[in-house]
Structure formats: C-alpha cells, structure tokens
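When we follow the numbering used here, the leftmost residue of the first sequence carries the number 4, and every step to the right adds one.
It is worth saying that the hints were derived from the structure and are not from the lab. Any given hint might turn out to be false.
[What the hints assert, rightly or not] With a Cα cut of at most 27 Å, we get these calculated DSS-like pairs of lysine-lysine:
| no. | residue 1 | residue 2 |
| --- | --- | --- |
| 1 | Lys712 | Lys648 |
| 2 | Lys284 | Lys356 |
| 3 | Lys776 | Lys813 |
| 4 | Lys293 | Lys185 |
| 5 | Lys145 | Lys225 |
| 6 | Lys721 | Lys18 |
| 7 | Lys145 | Lys538 |
| 8 | Lys722 | Lys712 |
| 9 | Lys721 | Lys15 |
[As the list claims (entries may be wrong)] Derived DEER-like restraints, expressed as beta-carbon distance ranges:
| no. | residue 1 | residue 2 | range |
| --- | --- | --- | --- |
| 10 | Gly480 | Arg92 | 21 to 29 Å |
| 11 | Gln420 | Asn119 | 57 to 65 Å |
| 12 | Tyr806 | Val603 | 52 to 60 Å |
| 13 | Lys648 | Asp795 | 51 to 59 Å |
Glycine residues also receive a C-beta, built at the ideal position from the N, C-alpha and C atoms.
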Amino acid sequence: MKKYRPQEFESKWIKVWEEQPDPFQPTKEPKYYLVELPYTSGDLHIGHWFTFTIPDVLSRFKKMQGHDVFFPIGYDAFGLPAENAAMKRGVHPRDWTMANIETMTKQFKTMATMLNWEHMIIACEPEYYRWNQWIFLKMYEKGLAYRGSALSNWCEKDKTVLANEGIENGKCWRCGTEVVQKEIEQWFLKITDYADQLIWPENPEQQWPMSVRVGQNNWVGKSEGVELQFEIVDYKSPVTVFTTALDTIFGVTFLVLSPEHSIISALMDGTLKSSEIEKVKPYVNQAQKKTEEERKIGAKDKTGVFTSLYAVNPLNGQKIPVWVADYVLSSYGTGAVMGVPGHDARDHEFAQKFELPIVQVLKPADSIKDIKIEADGFWDYADIKVDYKDTAILLNSGEYDGLTSSEAKKKLEEYIQTKKIGEIKKQYHIHDWSISRQRYWGTPVPMIHCDDCGMHPVPEKDLPVELPYDVDFTPTGKPPLATNEEWMKVDCPKCGKPAMRDAETLDTFFDSAWYFYRYLSPHYTEGPFDTEEVKKKMPVDIYFGGSEHTLGHTLYARFFTKFFHDLGLVPFTEFADRRMEHGVILGPDGHRMSKSRGNVINPDDLVKEYGADTVRLYLCFMMPYEATAPWSTSSMQGAYGFLRKVWDIYTSGTYYSDEAQENADLVILLNKTIQSVTRDVDAIKMNTAIARMMELVNGWNDATRKAEKPVLSTANAKKFLQLLAPFAPLMTEEIWHQELGEKSSIHSSIWPVADKCKLKEATITMPVQVNGKMRATITVDATDVEEKAVVDVALTDATVKKYTDGKEYKVIY
RNA sequence: GCCGGAGUGGUGGAAUGGCAGACACGCUGGACUUAAAAUCCAGUGCCGUCACUGGCGUGUGGGUUCGACUCCCUCCUCCGGCACCA
Numbered sequence: 004m005k006k007y008r009p010q011e012f013e014s015k016w017i018k019v020w021e022e023q024p025d026p027f028q029p030t031k032e033p034k035y036y037l038v039e040l041p042y043t044s045g046d047l048h049i050g051h052w053f054t055f056t057i058p059d060v061l062s063r064f065k066k067m068q069g070h071d072v073f074f075p076i077g078y079d080a081f082g083l084p085a086e087n088a089a090m091k092r093g094v095h096p097r098d099w100t101m102a103n104i105e106t107m108t109k110q111f112k113t114m115a116t117m118l119n120w121e122h123m124i125i126a127c128e129p130e131y132y133r134w135n136q137w138i139f140l141k142m143y144e145k146g147l148a149y150r151g152s153a154l155s156n157w158c159e160k161d162k163t164v165l166a167n168e169g170i171e172n173g174k175c176w177r178c179g180t181e182v183v184q185k186e187i188e189q190w191f192l193k194i195t196d197y198a199d200q201l202i203w204p205e206n207p208e209q210q211w212p213m214s215v216r217v218g219q220n221n222w223v224g225k226s227e228g229v230e231l232q233f234e235i236v237d238y239k240s241p242v243t244v245f246t247t248a249l250d251t252i253f254g255v256t257f258l259v260l261s262p263e264h265s266i267i268s269a270l271m272d273g274t275l276k277s278s279e280i281e282k283v284k285p286y287v288n289q290a291q292k293k294t295e296e297e298r299k300i301g302a303k304d305k306t307g308v309f310t311s312l313y314a315v316n317p318l319n320g321q322k323i324p325v326w327v328a329d330y331v332l333s334s335y336g337t338g339a340v341m342g343v344p345g346h347d348a349r350d351h352e353f354a355q356k357f358e359l360p361i362v363q364v365l366k367p368a369d370s371i372k373d374i375k376i377e378a379d380g381f382w383d384y385a386d387i388k389v390d391y392k393d394t395a396i397l398l399n400s401g402e403y404d405g406l407t408s409s410e411a412k413k414k415l416e417e418y419i420q421t422k423k424i425g426e427i428k429k430q431y432h433i434h435d436w437s438i439s440r441q442r443y444w445g446t447p448v449p450m451i452h453c454d455d456c457g458m459h460p461v462p463e464k465d466l467p468v469e470l471p472y473d474v475d476f477t478p479t480g481k482p483p484l485a486t487n488e489e490w491m492k493v494d495c496p497k498c499g500k501p502a503m504r505d506a507e508t509l510d511t512f513f514d515s516a517w518y519f520y521r522y523l524s525p526h527y528t529e530g531p532f533d534t535e536e537v538k539k540k541m542p543v544d545i546y547f548g549g550s551e552h553t554l555g556h557t558l559y560a561r562f563f564t565k566f567f568h569d570l571g572l573v574p575f576t577e578f579a580d581r582r583m584e585h586g587v588i589l590g591p592d593g594h595r596m597s598k599s600r601g602n603v604i605n606p607d608d609l610v611k612e613y614g615a616d617t618v619r620l621y622l623c624f625m626m627p628y629e630a631t632a633p634w635s636t637s638s639m640q641g642a643y644g645f646l647r648k649v650w651d652i653y654t655s656g657t658y659y660s661d662e663a664q665e666n667a668d669l670v671i672l673l674n675k676t677i678q679s680v681t682r683d684v685d686a687i688k689m690n691t692a693i694a695r696m697m698e699l700v701n702g703w704n705d706a707t708r709k710a711e712k713p714v715l716s717t718a719n720a721k722k723f724l725q726l727l728a729p730f731a732p733l734m735t736e737e738i739w740h741q742e743l744g745e746k747s748s749i750h751s752s753i754w755p756v757a758d759k760c761k762l763k764e765a766t767i768t769m770p771v772q773v774n775g776k777m778r779a780t781i782t783v784d785a786t787d788v789e790e791k792a793v794v795d796v797a798l799t800d801a802t803v804k805k806y807t808d809g810k811e812y813k814v815i816y
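Input sequences plus hints: build the corresponding full structure.
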C-alpha cells in the first residue's frame, strides 16, 4: 500500500490535462457557468479559490453528465489600483498588471480547475477595449452617451474628481487638500432610459436572489408623483417641486431648496436680492464642503436658513417662506421640496427646530376636539405626532370633504393639469452613470475635439484608439493622457484640421458590463462578439459572484444586455438565468482577512503541504456557498484525512475486487449516495454532498473490516470514485489510472446513475410519536407498510403501550 | 432610520411540518509506541441515572397543529446594504 502523497502526482495530471485535447464528446445542451471577472490585484487568495472551486465542481459534474460546459476565465485589468500601486512602486501600470496576470495565472493552474484558458480575455488589451470604444460610439449614436455635468468630489490641487473612497476626513487622500463639491463636466450613460426595464417583475423567470432583486428595485427607486410650480413673490421664475403626496398640498407651510438650487445661486451672485444674504452665504458655502456622506451622517440634526423669499401655494394662494437646507439633495427630484411638517417626518423635524407652523390635513375629529374643524378629512398619515395646541391651523377646502387620500390625489391631479400648474411625473432614484475618469489606466474615450467644428466620434475604421504607454500619470493638474502631446494630436475627421483627442478614460465597470459576451469569441474582429455563438450558449446558466456587485456591476451588465437587445445583437433581455452570491472566508480570528491584521491565509502554502485536492474539498465542505465563516486549518485536516482514507481504500487491494461477495447494505448505501450526491451537487450544496460521501466511506470501512475481505465489486468501487472526481480531480485521476487501470480520464467518464432496484432496504425503521412526542422506533418489513399493519406493530411496542393503554387516541399515519 | 439576510453543541454546519444536532473540527478516554507525532477504536447538547426508561433543549414571548428549528405574530441580537428620495 502506497502512502497518500499528493505532491507526487498532482502536478503531473495538471500538465497532462493541459497538453491533451479534450476527448470528451458532449451529448446534451450547452451550459455556461461564469464567475465574475477577477481583478488583477496581485496574488490569488483563498477567496478566489473558494469562489472558483465550487463552480468548477459544478462544471466537472455537468460535463460528466454529458453537457457541453463552458467555464471561461479572464482578467479585469484596468483601473485605479493599478495606477496607485504603480505610483507607489515606480512601475508602469501596464507592467504591474501584466506581472500580476502572470502570477495569478500560474496560481490558478495549481487549482486543477477545468477553466477554459483558450477563451481568456484581458480587458486592458486593445483587442478587448477596442470594443468598449465601439459600444461607447453606438451609445453615442443612440443618444445614450452624452456630455453632462454633475456634482462631484473635487480636489482643487490635483484638479481631479475623487471617488468616495478617495476621501479621508473630508480631505484628498493624496495631498490632504479639502475636498469640495463641484459641478464637473463628464461623460454619462443614460441608464435612466432603461430604468423601467431594470425593475424586476414580481415573479421573474430568472432565478436571482430576492435580496438582489429588491435591492436593485430600490436602487432604481421608481416613484410616481407630480411636478408642481410654486411662484416666487416678486421674482420671474417659479420653483418646481416634486411630490408623491399631492393630497397633502394643503398642509404645506414652507418651501425648502437645496444649496445648489438655481434660485440660491441667483442669491449668491446678487442677481436676486435677499435681506438675509449675510446668513445665506456662509450656510451655502459650508454646505458645499460637505460630501453626500457627511450630509447623511448629520441628517438627524437639521440645519438651514431663511432666504427672505416667499412662495405661493398654487392650490390655495397661501404665502409661505422659502428656506435653504442641505437635507434637500440636488441629485434627486428637482432639488426643491414642499415642506409638509404635518405629514413628513423630516419636514416635521425641520419645522420644529425652526418653529415653523405644522398643519395636518387629516383630522380624526375626536382626537383634536379643541381645534375648530371645518371639514372631516380621510387622510391617513398618522405616524406624525403633532402638537395641535400650538400649531394646527386648518387650510382644508370643503371641496375635498369625504374623499379618501387617493381619491383626493386623483382629483387634485386633474385640477393641476387643467390649470397647467403642474404635470404628472415619474422620478427615479437611479441617476445617469458617470463613466469618464481623469485617469490614465483605462479605455480612452473615442472622441475628437475640433476647435473649428466641434466634437466628433472617432470613425469606426480608426478603432481602436490605443492607450499610449508614455504619459505622466502622476497628478499634475491635467488628465494623464493630456501629458502625451503627440498622442493628443489628431486630424479632425470632419474638416481635416488639427484637433485633439479626448483625454479621459472610461470607468472600468464599462469593461466588465459585457465581458461574458466576448468570452464566446475573444478574437472576433467583425464586432464585439459573434452573435451566432451567443445564440448557442447564452444566457449564462449561473453567474457566481459577490454581493458587493448587486448595485453596481450586475445592474450595469443588465443595462448593457438590454441595450444589445435593442440593437438586435442578442435575442434576450437578461444575461444570466441564475445568480448566486458567495459568502466570505474570514480569517481564523473571525475578522475579515487583511494584511494589516496579519490573518491572511495563503493558498499556495496550503497546496504545498496538503495538495490542491484537500484545499478544494475543504472549501466545498466548510460551509454553503452563500455563507460566511472563519477559516480553520485544523478543520481542513479533516478533509485531508478523508482523502487519505479513500486513497488507502483504493491502494490497499482489500476493499473491492472483481469477484467480491458484495455486502447488500453497502450496495444500497452506495446507490443512495449516488442519488443524494447527484441531487446536492446539482443544487450547489457541496457541503452535504461531501458529508454523504464520508458516510459511505465509513460504511465501506466498517463492512470490510467485519468481513475481512472485499465487500464491493470493482464496478461499484469505480462509481464511488467518480462521485468524488469533481471535488478531488487529481487524486481520483491518479487512482483511476494507476489502480483501476483505466486509460482515459475519469473526468471524461459518464456520471453514475443510481440503480433504482438497489435503493430499498429490506426493513424500514419508523419513528412512533404519541401526542407529537417521539416515544419509540419500530422496524417493519419494507414490503408491509400498509397503515393497519404498521399501526398494529406500533401498538404492541412496550413503550408505546405505556402511553396509549387505557387512553383515547387518534392514529395518524 | 429604512431594506435584505441570519440566530441550532466548545467550533463549521445538517434537518424546511414528522427520530434536532447528520458530516466534520475540537475535546476526553483507550490501543499502538521506549516516547512523541501519525494512525486506529470508543465517548462527546444539558439534567438525572450503575444502567435502561426519563426530563429539558434550536435568540425571546405568544399562536396555529396530533406534531414546529421549520408556518404566523411580538420583541431582542448580529451581519450585509443604503437613498433624509420629497
């Protein structure tokens, strides 16, 4: 008997598989399994192993079942971290990224996956990003890519927009300059055009987790309401307000504008006079320094100042004061809110703090007897507690008496439309996707700016616009690409005069929004992807990945697919039939792994010591794919022990033979194991599948020891090895060849099917409950399971008798 | 605050209306060994018992049911996400 030494054969098989073409002939439908495009961060960590091993097991399993499995791999290679790392170490971002790809590829190959390297894509190669540019131009053509402006985190010294992560205590993470909010011109994608389509229906055909669907729907954040004009006293332009609760219009006691509102700008630059300008100015200046994050944190404590302006309620002509406050966001709705403190908690807080009148439209008559009421309403917004004694006034008009809230809303909507003081509007929380970055390491925006005739797209024949290698990508106050003056110069495609390239690059989420199409035909030159291949293999059967991409990546990917659908490139509107979000492997101390904590588990060391099969098996066994739990090397040794036991079984020569007198119970257990492993792997419950196999090995061990001779036929012994093959592909391959004398790969063999005749045991053990409490177990013949017979047996059981004798009982079988 | 998810032994977890704790880790005892490691065997939710029978037990309190970890309601805790969304 040989000792289990994975180091002696693991690398051999990895090499053999790499060199040999796949002899397997698929007979069933194609399957496309996908894991999110890994980022080229440096090293492969245990999390990568976890996220890729489980899909690999599924892939191997489906392949053995005869499917044509496509399980590709590639790299998300553009992005800020490469630039930052490069700056820190003085390496070029491209060289840094390529070195990482090389390292990671080497590490990936030690995992013994069936990943398809032939279809690999690397997002920073012109062959790939040329099609980013192509898609961008298509979107530009359709009006979906446009130049606009939005408030952004801005560093005045570096002259650059900062991501939220790039702000530390309100200051630029690089130079410490205070970050301000500034309107910045940038490229946008009009994802809002697809807002309605991105909302998941109640019962979609796709199996995406409820949490993801709800999260995305909330993010799209559709709400229906009206936009309403409030005239400003002694000023020409009115203020437009969005509300979903038009029926509370009679409860409006003030108007609040965001600090960025155009009326406030007019006050600031003196176009509009205000007697309160000395208070307004510092407030607005200070509000501009706050990030959205800070506004959120300070949200509970309302701030604001009176502008000295008054507005007119379009429904009842009441004059109300206009305030400015940073709890009103310019990024949602119209940046102006009608204050209804009687029915909105935030307005209520604001009114209380600044002693503004609070009015409720609703009057449950008996609760406010001391107030003179002109009409009984039916509005029900009872969650606001109002101190009526001090503040309640009644503005209701008799016209809306007796109506419910929604009836009143409808009537009011008709009224404002005929009077042309407002219109029905849908509002979305989601805003257009800002895709330009003043950065180097990304896809160049394929546009040309001509001083004479304006902005033009780069003609398709001139794609790709290649990213130049030589630029100064350290922050100098202008975009890195602009530092390469030669590269910037280009002839205007319209007038032919000297013009300039666009110096910005695309957000890396653009790259990853469509990569799964490119996998199918990574070198295709006629378009971004081969539509025939798409028809064959898409949509993706299961898309594995992390929950951090719920509101970013997967939403963008869905948007791109819907856009491709509209272009007629793909015949469906959702790219993935099923989504599975993995959990996290924590450090042994129960905290997230991080270099600073020193709790990082290195997979390379584990592979060296225990072999890839052990690491794979444990990753499958330690928890369900969706769970989060700490790593435990000692628990992993249990997986190693299991594999060693299996190894011993197959190499000792005493556990199975061609002429074995088979143990009938063991054969039944084997067939049950085949059944449950098949079911569990299919349902991606790898942990329980392995538990079932462990039970079989224990049973096999016991039976062999008792009989002191082989108890299973070689044919059956092969079946068990096949069940284990997707989990421990290397050891099973070694045994398959060396011990069982097979010539072709175990991974090309046909997945075993349970023998239905060998699933039933001769006797069945049944629990007996009396009054729902377990009292005994009885054993009955498997052929005699009629109710009467079983109950008779149960009633003769001594323990059961004790509880039933002399008592009335009902029999439930 | 809102939304989503989860609370089961010392630990990871299993059971989705019918024997709670499968399978592992850890721990305890034993075998082997000069010894240790490795390996093997036995035990391992709590209480009680020589032992069997028994009682209790799935975050809390209640409900539905012959029967609840599982379904319904209340509350608590933890994790993840977020948008003061007008």
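Right, here's what the structure says about each hint:
1. Using a Cα cut-off of 27 Å, the hinted pair Lys712 and Lys648 holds, with the two alpha carbons roughly 17 Å apart.
2. For a cut-off of 27 Å, the pair hint linking Lys284 to Lys356 stands: about 20 Å separates their Cα positions.
3. This hinted pair checks out: Lys776 and Lys813 have alpha carbons roughly 14 Å apart, not beyond 27 Å.
4. Our distance criterion of 27 Å between C-alpha atoms is met by Lys293 and Lys185, whose separation comes to about 11 Å.
5. Our distance criterion of 27 Å between C-alpha atoms is met by Lys145 and Lys225, whose separation comes to about 24 Å.
6. Between Lys721 and Lys18, the direct Cα distance comes to roughly 24 Å. Compliance with the 27 Å bound is thereby established for this hinted pair.
7. For the hint pairing Lys145 with Lys538, the CA-to-CA distance comes to about 24 Å; that is within 27 Å, so the pair holds.
8. With a C-alpha separation of about 19 Å, the suggested pairing of Lys722 with Lys712 holds against the 27 Å cut-off.
9. A C-alpha spacing of about 22 Å is found between Lys721 and Lys15, which places the hinted pair at or below 27 Å, so the restraint holds.
10. Taken as a hint, the range 21 to 29 Å holds for the pair Gly480 and Arg92, whose Cβ atoms sit roughly 23 Å apart.
11. Restraint check, Gln420 to Asn119: a C-beta distance of roughly 58 Å satisfies the suggested window 57 to 65 Å.
12. Between Tyr806 and Val603, the C-beta spacing of about 58 Å keeps the proposed range 52 to 60 Å intact.
13. Take Lys648 and Asp795: their Cβ atoms lie about 44 Å apart, and the range 51 to 59 Å is violated.
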